[in-house]
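Visitor: Chains as they are written, first to last, in our numbering: chain A, 1 to 120; chain B, 1 to 237.
Calculated directly from the structure, the hints in this document are not laboratory data. All figures in this text were calculated on a predicted structure; none of them were measured in a lab. Ideal placement from N, C-alpha and C gives every residue a C-beta, glycine not left out. Where hints are given, some of them may not hold.
With beta-carbon atoms standing in for the labels, derived distance ranges [as the list claims (entries may be wrong)]:
hint, chain 1, residue 1, chain 2, residue 2, range
1, B, R94, A, L25, 33 to 39 Å
2, A, D83, B, G84, 52 to 58 Å
3, A, V104, B, Q134, 53 to 59 Å
4, A, S64, B, H205, 22 to 28 Å
5, B, E137, A, I27, 35 to 41 Å
6, A, D83, B, T49, 34 to 40 Å
7, B, D14, A, D83, 32 to 38 Å
8, A, L57, B, R132, 56 to 62 Å
9, A, Q88, B, P127, 47 to 53 Å
10, A, W89, B, T49, 42 to 48 Å
11, B, R94, A, R19, 41 to 47 Å
12, B, D107, A, L29, 44 to 50 Å
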Amino acid sequence: MRYNETTRSGGALWWFFQRLSGLYLAIVLFTHVLVLHVLMKDELAYGSIADRVATPLWKTINISFLVVALMHGLYGLWIVLGDYIHRQWMRILIWCAIAVIGLVFTIYGALTMILFQYGG
Amino acid sequence: MAMITFRINRYNPDDERRGHYVQEYQLDVEKGTTLLDALNEIKWKQDGTLTFRRSCRSGICGSCAMTINGVNNLACETQVLGLGNSTVTVEPMRGYPVIKDLVVSLDPLVRGILAVKPYMITHSPPPSDQERLQSPEEREKIDGLYECILCGSCTSSCPSFWADKEYIGPHAFLKAYRFIADSRDEGSREHLEALDDRHGLWRCHTIFNCVEACPKDLNPTKAISELKKELVRRKLG
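Generate the whole structure from the sequences, applying the supplied hints.
Guide: As structure tokens, then:
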């Protein structure tokens with residue numbers, strides 16, 4: 001018999017996702033620092049940044065960073081809050097609020113990236 | 001010989017109005033005196049109402065676990081002069097309901113340990129007229145796991161347990177892994193079943209308090225990490 005039939009967490013895959021996403025975020029952040037602050041030869045100005053951000057490759061990288069960072073951060077927040085919130089209705093409410101926040105920021109951020117255009 | 005002041009956290013359930021309070025006792029302590037010796041001396045010669053658990057007085061039973069100068073330890077394994085203070089503060093282990101003085105309710109500890117089925121589970125019959133044997137290498141894998149004396153120090157020091165009293169606890173995780181790592185055990189699924197729970201394994205935030213608190217120098221955090229990997233392997237496999 002399970003410890004408590006009503007509180008199965010399904011936490012295994014999320015735990016694994018947090019490890020993978022943490023690794024991915026570290027790699028992307030390292031790439032960002034490398035490209036922007038070490039390898040970039042142009043002057044650090046709006047134009048040179050915007051040129052790069054407008055390319056399909058960087059749009060893909062930035063959108064993936066946005067999605068993974070939001071999921072990683074918001075799930076982390078949920079885990080921390082979960083330590084202290086035990087009432088079932090409150091847990092559902094907070095889970096829904098976190099999901100909505102994640103969804104809104106994902107759509108808002110992704111649209112900003114997708115629609116961004118600069119230069120030629 | 002040194003005069004030591006013992007500041008002991010007291011609580012009498014029959015005197016709820018007074019609640020928890022600190023009472024001081026002074027005792028001449030000589031080299032080699034353990035805290036359990038000192039507590040016995042106080043109880044026998046100064047204040048018979050002082051209440052604490054003790055049994056084996058040699059670090060095997062885990063009964064005398066308490067918070068000593070802010071750190072969980074066994075009173076019978078703590079040299080008073082070794083603490084290096086002229087004042088020793090003694091409290092009941094944190095996180096558990098206090099029954100009286102230094103005696104806490106270990107119900108949460110028992111609930112957690114029972115959830116992981118802390119016994120060997122086998123499905124195949126044993127070899128005829130033989131014990132279930134294991135090689136020295138297989139036996140070595142449970143070193144650092146089987147030595148747990150269930151004193152409750154680890155779970156009492158765990159912030160996840162402070163926040164969630166239904167948390168299964170590092171003591172139970174260590175015990176679960178003790179059987180999963182045992183080559184003779186065939187009940188991994190049964191041991192793991194309780195762990196994938198809101199009050200289970202995923203509440204551990206790898207804070208390492210349990211490792212610091214263990215008077216037997218065991219490493220529940222490592223066991224927890226192995227259990228997490230095992231659960232993920234099973235989900236993905």
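Visitor: Next step is simple, just say for each hint if it's right about the structure.
Guide: The hints, checked one at a time:
Taking the beta carbon of each, B:R94 and A:L25 are about 35 Å apart, inside 33 to 39 Å as hinted. Checked against the hint of 52 to 58 Å, the pair A:D83 and B:G84 fails, with Cβ atoms roughly 35 Å apart. Separated by about 56 Å at the C-beta atoms, A:V104 and B:Q134 satisfy the suggested range of 53 to 59 Å. For the pair A:S64 and B:H205, the supplied restraint of 22 to 28 Å holds, since their beta-carbon distance comes to about 27 Å.
Taking 35 to 41 Å as the suggested C-beta distance range, the pair B:E137 and A:I27 conforms, at roughly 38 Å. Restraint check, A:D83 to B:T49: a C-beta distance of roughly 37 Å satisfies the suggested window 34 to 40 Å. As the Cβ distance of B:D14 to A:D83 is approximately 34 Å, the hint placing it in 32 to 38 Å holds. Take A:L57 and B:R132: their Cβ atoms lie about 59 Å apart, and the range 56 to 62 Å holds.
At about 49 Å, the beta-carbon gap between A:Q88 and B:P127 stays in the expected band of 47 to 53 Å. For the pair A:W89 and B:T49, the supplied restraint of 42 to 48 Å holds, since their beta-carbon distance comes to about 45 Å. As the Cβ distance of B:R94 to A:R19 is approximately 31 Å, the hint placing it in 41 to 47 Å is violated. Against the hinted window of 44 to 50 Å, the Cβ-Cβ separation of B:D107 and A:L29 comes to about 46 Å, which satisfies the hint.
Violated hints, listed in ascending order, are 2 and 11; each of the other numbered hints is respected by the structure.
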